[in-house]
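Chains as they are written, first to last, in numbering that gives the first Met the number 0: chain H, 0 to 326; chain L, 0 to 205.
The hints are simulated quantities; they were obtained by calculation from the structure and are not laboratory data.
If you're wondering where the values come from, they're calculated on a predicted model, not measured in any experiment.
Quick reminder that beta carbons are idealized off the backbone N, C-alpha and C, glycines included.
Be aware that one or more of the hints could be misleading.
[Stated by the list, open to error] Facing chain L, according to a computed beta carbon distance under 7 Å, are these residues of chain H, among others:
hint, residue
1, Arg149
2, Glu239
3, Arg240
4, Ser243
5, Asp268
6, Ile308
7, Ser316
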Amino acid sequence: MLGLGIESTAHTFSCAVIEKKGKKGKILSDVRKIYHPEDGEGIHPREASRHHIDNSSIVLSQCLEEAKISVKDLDLVTYAAGPGLGPCLRVGAVVARSLASFYKIPIYPVNHAIGHIELGKLLTGATNPLVLLVSGGHTMLLAFLNKQWRVFGETLDITLGQLLDQFGRSIGFASPCGRNIEELASSSSNYVTLPYSVKGNDVSFSGLLSATKSVAKENKSDACYSLQETAFAMISEAVERALSFTRKKELMIVGGVAANKRLSEMLKDVCKRHGCKFFVVPIKYAGDCGSQICWTGLLESQVKSGVSIKDTFVTQSWRLDSVKVDY
Amino acid sequence: MKLLKKGAEADIYQTTWNDSKAILKIRKSKSYRNPTLDSKIRKHRTIKEAQIISHVKSFGVLSPLVYFVNTKDSAIFMQEIPGTPVHDLPNSKIIKLSKDMGKLVGTLHKNGIMHGDLTTSNFIFYKNQIYIIDFGLSQNSIKPEDHAVDLRLIKEILNSAHAQIMQSSWKNFLLGYKSIVGAIKHAQILHLVSEIESRGRYATVV
Numbered sequence: 000m001l002g003l004g005i006e007s008t009a010h011t012f013s014c015a016v017i018e019k020k021g022k023k024g025k026i027l028s029d030v031r032k033i034y035h036p037e038d039g040e041g042i043h044p045r046e047a048s049r050h051h052i053d054n055s056s057i058v059l060s061q062c063l064e065e066a067k068i069s070v071k072d073l074d075l076v077t078y079a080a081g082p083g084l085g086p087c088l089r090v091g092a093v094v095a096r097s098l099a100s101f102y103k104i105p106i107y108p109v110n111h112a113i114g115h116i117e118l119g120k121l122l123t124g125a126t127n128p129l130v131l132l133v134s135g136g137h138t139m140l141l142a143f144l145n146k147q148w149r150v151f152g153e154t155l156d157i158t159l160g161q162l163l164d165q166f167g168r169s170i171g172f173a174s175p176c177g178r179n180i181e182e183l184a185s186s187s188s189n190y191v192t193l194p195y196s197v198k199g200n201d202v203s204f205s206g207l208l209s210a211t212k213s214v215a216k217e218n219k220s221d222a223c224y225s226l227q228e229t230a231f232a233m234i235s236e237a238v239e240r241a242l243s244f245t246r247k248k249e250l251m252i253v254g255g256v257a258a259n260k261r262l263s264e265m266l267k268d269v270c271k272r273h274g275c276k277f278f279v280v281p282i283k284y285a286g287d288c289g290s291q292i293c294w295t296g297l298l299e300s301q302v303k304s305g306v307s308i309k310d311t312f313v314t315q316s317w318r319l320d321s322v323k324v325d326y
Numbered sequence: 000m001k002l003l004k005k006g007a008e009a010d011i012y013q014t015t016w017n018d019s020k021a022i023l024k025i026r027k028s029k030s031y032r033n034p035t036l037d038s039k040i041r042k043h044r045t046i047k048e049a050q051i052i053s054h055v056k057s058f059g060v061l062s063p064l065v066y067f068v069n070t071k072d073s074a075i076f077m078q079e080i081p082g083t084p085v086h087d088l089p090n091s092k093i094i095k096l097s098k099d100m101g102k103l104v105g106t107l108h109k110n111g112i113m114h115g116d117l118t119t120s121n122f123i124f125y126k127n128q129i130y131i132i133d134f135g136l137s138q139n140s141i142k143p144e145d146h147a148v149d150l151r152l153i154k155e156i157l158n159s160a161h162a163q164i165m166q167s168s169w170k171n172f173l174l175g176y177k178s179i180v181g182a183i184k185h186a187q188i189l190h191l192v193s194e195i196e197s198r199g200r201y202a203t204v205v
């Protein structure tokens, strides 16, 4: 079975083709164009959506070309219907609808966050993991129970990605700032005390963000180092709590922040302590991409036959724990 | 000394204290954590836990007796409660006990204590009574927002780990809670709970 996945929830416009045989999936192509705001600024939804419109046809044709197929070979089209930025989501949905209605291909709206998890499972081989989803849009601990992903812990305000990006931008970095912060942090080992806020299995980062900004006025590398140490220790503790509560024997990290080495290192240590297997999604597929959407759509096609065009919605707020998973 | 449980933040051992069975809870140093942050967290939580675990007894909440505290190693020797965590009881029992758990939490809040880690594993059912354990994240607080954080956490746990019985269990919990704190405070805290939930990511704002 051949599927096309279209991702356009935030910075990234991406198309991917995956071939599914039984339980196995092979990524034939995954093409992305990423919108970059100016240094020190955040994503502007309208500008990002214009970027996506300008790039959509190039990305789509390149994706089909690399997969060596034509549109007519596709068995289904899927798009990320949310959560994300409204103007951006609409671009992906319009492309998907056009293809589906013109070529009469079944169409599947997919939850972006579930996409991260399903592709992670495909690529790492994790079977029944506690999932840590850390990105610009999410910071959540999840486990699968009774046909739904259930939230065992999450951020009560901003996400880990937002924390890093908003702090990074305040000292002049271009988002995504994770890598720059990690580099600058490695030049310091001077820990400045910052607010550490774990509430049960949940975390809260907003106080940490403000406090780190004031430390940065004195010394930027100390601020980066202390920010990483504090935020990642909070995440690690929440993970430990959720692991010991759910008694899962696997941990999988997915999402853009999964690329951070210091975070992986800390979580590896957590897993060792709990005798638990550790999986990280490969860096290439950690950030948003069409493959995530495509694979989830292919899985859904096992139990559903697609939706009619009038039901192809987009929704900015779509929590993944409200999605029934039947496959 | 026998290791009973490697918990999230501490290891739990079975040991003896003056010839009677006891629990030793040690917050071991975590190699992944920055040493300054690590020792601060361990020491702070050990002291807080020892204080509050004893304090709650004064208003009738059952909790383990503290025998000895060693702040140097972040260790607490305490009484063993040889019951079953509510988490592991049959569903029908959990639904029934939810009302009592609600009453206990109401009593804590009424007396200015926030538990900070209300999961069904931290309520122990023993000899027909419920004990509360694990006060490491507890605080002396009369702030409604803090009390709402407590309720939101137990709600999250019921909704995830006990999804099949969430409705009836949460209803009973609130009945118990309301019977202790009164209708006004109950309504105020519930309002704050939905406010916290609506602050969450992609929450459906009702």
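Status of the hints after comparison with the structure:
no., hint, verdict
1, Arg149, "holds, 4 Å"
2, Glu239, "holds, 4 Å"
3, Arg240, "holds, 4 Å"
4, Ser243, "holds, 5 Å"
5, Asp268, "holds, 4 Å"
6, Ile308, "violated, 25 Å"
7, Ser316, "holds, 4 Å"
The structure fails to meet hint 6 from the earlier list, while all remaining hints are met.
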